[in-house]
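Starting from the given sequences, assemble the full structure and let the hints guide the process.
2 protein chains.
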Amino acid sequence: MSRQMQQDSATMPTAPGGASTGHGLDWPALFATRAERMKASEIRELLKLLDQPDVISFAGGIPDPALFPADAFGAALTSALSGDSKGAALQYSVSEGYKPLRDWLVTRMASLGVECSADNIMITSGSQQALDYLGKLFLSPRDTALVGWPTYLGALQAFNAYEPSYDRLTPLGNRSAADYRETAQGKGGPGGGKVKFAYASADFANPTGETLQASARENILDLATELDIAVIEDAAYQSLRYDGDEVPPLLALDIERNGGIDNTRTIYCGSFSKTLAPGLRVGWVCAAKPVISKLVLMKQAADLHSATLNQMAIHQVASDGFEAQVARIKATYMARRDAMLAALARHMPEGVTWTRPDGGMFVWVTLPEHFDGAALLAESIRIERVAFVPGKAFFADGSGANTIRLSFSCASEAMIEEGIMRLGRVVRGG
Amino acid sequence: MSRQMQQDSATMPTAPGGASTGHGLDWPALFATRAERMKASEIRELLKLLDQPDVISFAGGIPDPALFPADAFGAALTSALSGDSKGAALQYSVSEGYKPLRDWLVTRMASLGVECSADNIMITSGSQQALDYLGKLFLSPRDTALVGWPTYLGALQAFNAYEPSYDRLTPLGNRSAADYRETAQGKGGPGGGKVKFAYASADFANPTGETLQASARENILDLATELDIAVIEDAAYQSLRYDGDEVPPLLALDIERNGGIDNTRTIYCGSFSKTLAPGLRVGWVCAAKPVISKLVLMKQAADLHSATLNQMAIHQVASDGFEAQVARIKATYMARRDAMLAALARHMPEGVTWTRPDGGMFVWVTLPEHFDGAALLAESIRIERVAFVPGKAFFADGSGANTIRLSFSCASEAMIEEGIMRLGRVVRGG
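Quick note, the sequences are listed as chains A and B, same order.
Take 1 as the starting number for the first sequence in the working numbering and just add one per residue.
Take 1 as the starting number for the second sequence in the working numbering and just add one per residue.
Note that these hints are calculated values from the structure, not bench results.
Be aware that one or more of the hints could be misleading.
Note: identical chains are not told apart, hence a pair may lie in one copy or across any two.
Unchecked claim - The calculated lysine to any residue pairs, modelled on SDA-like cross-linking and capped at a C-alpha distance of 25 Å, are:
{"id": "1", "residue 1": "Lys39", "residue 2": "Glu163"}
{"id": "2", "residue 1": "Lys187", "residue 2": "Glu163"}
{"id": "3", "residue 1": "Lys99", "residue 2": "Gly398"}
{"id": "4", "residue 1": "Lys39", "residue 2": "Glu417"}
{"id": "5", "residue 1": "Lys194", "residue 2": "Ala29"}
{"id": "6", "residue 1": "Lys187", "residue 2": "Asp26"}
{"id": "7", "residue 1": "Lys39", "residue 2": "Tyr166"}
{"id": "8", "residue 1": "Lys194", "residue 2": "Asp26"}
{"id": "9", "residue 1": "Lys86", "residue 2": "Ala75"}
In this text, all values refer to a predicted model and were calculated from it rather than measured experimentally.
What follows is the structure in structure tokens.
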């Protein structure tokens, strides 16, 4: 448990500190200005110390490895490395990605309401790489990215490398395009900065677990159309719905408005990390051809292509039983979500509120104003041996000190009951 | 043959052209300024048309897939997906890379004269990713990178995303630090640009096949010390030496000068692509800890980590028989190099010169001044069905029209004799 806890983007450990041991170079003076925004998180350093078996962790936000289809992957890899395909499986391949996998994704996207061709799809090394590439494609220093308050920490980390400003994306339709535009110009210095895209995780978002309903998605598309900017739709958790009806992806709604994917402004980022396995690093981008063409040139220059063998294995396992695998993990995670919501209702004192996600891996807890999530974590670990992620890091403006993120994906129902009971004691003590 | 030909970074095909099919967005207006420097190469488009079995190709520059240890990889992957390791093999892992592989690399680097610890090593998705990350770490727009004329095209492509200027690195020690500094300031506009690093492929470089002798390496370190800049050592081909004694890596010479790796300015980029297999995308960076620490943060934000399973498989195959595998491929490539050098001597007319590489995959041919490599390629394909890469793309200043790159790694000795004979006829006709 404690090892897994360290391993999502919010909690991944880093190498030992940056100080040189001798009379080395003044590296910071040589680094590009963007390097100043690449910092180790204090929380992550704290969580590194927690590699202890008696800690119950709700920090991770990663899939339960017991649910990985390891045998299916073993068979797929053995097959890829036998017979005619073995040379190709280990050789360089094209930057766009393995064509049979892109074809499979065309069918998958169609089932979500997105009609496209293989030329609208590029394979990435996980959807994190898609976020990095999209930051690289759109953001010059001082451009503005619209993100939620809170939003996925990994998106902020990916975009930060390109030195943007952030403004708050609200899906309520209550702020005018002119207001967004003026704010971006004000932040851009002489000449003015431009708003380049709105980033949103539409389903069971990390960290809140919340889903944007169709009206909120339409609001985002309205705003993006008025601003004439792109929309980045992070669909990492989309397949993990436990209740309610599917809401069409932003990209599907955009196609409805504009008659075809090549006329849309929405860039959909998908991932196999939450459904099949994250360790193979396979995700995809689905968007208008001019965007995919440029991303392919970028990928060629950045890492040539994602691992050939991994794309073949994902294709085989997805073709043989994607739906069955997803059904299996949904049953497990849904029971854990239910256990966490029930335990929160039992053990949290008055004044504490939380989200009730229809899917995904996260519940987002808002504590009374005077709480500080980081201080609470220190207390919680020391006294009750329970871990979670303080919410502040998910806010581009540094607010949210009284929020925390709980993940239910990697704990058994019994551990969830015990852990939330302990957490309730800490909160009552705060 | 013709499929393989397309698949190194000089020749990899791209997605269909960037024009939108409908009334889509004005994407170029939304893209960051860096996107202007990401362009499809005309040569690459030409070579895409060549997927025909009767063409003899010296264009690729990729390993011969017949030499991949496919059975060893099959066994390693099966083992990683069995028993206790199977959850970890498919799970998220740390950004630094798989510890047993980093430990193996510590021993490997020691055998090259580089004493280091696992904290001096980060795993990358091929050495191409290391070049991208190092461009990202050091280059702000208008900073200067020193590169050879010619140099590895993929390095220029990786660095271009960060909008640098280039200046010519000569290993002859005949240009002063002050001169480099002034040139960089002149290119940087108001405030001035800075030289950030010198990039060099020290052994059997792509594209020339040439090796920097120890004195040339010392010259580069002298210059870098005077300019107080980093040195990026691209060691992708280093293991493929067929003749002569090993020359210590720049990083080893730097350690000798400065007493320990954490006091050095040299960043070594290694790869398993030319020795074990490129399709798994596993390489590494070895450098002072302050550089590795920053790269780990960067990697975490950019793609979380390289595929876990692939690192495990590379570790297993390398541990079981790296030296035997390298000996096997060296014997094959050496015979092909010899065949190509002999064929060039037999078939090339007066006035044509070429390099005599001690290793690697490339011979670099210089034709009389009036030749144009791109025009020669068109002729050569049309009349004689022989392909190669025109040299101009390897020059940051657009010179080198009368040069061509020949790769001997993927053609049998008989094909080499036949292909060079045909090429000789085309050159005589030019």
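Which numbered hints does this structure break? 3 and 4
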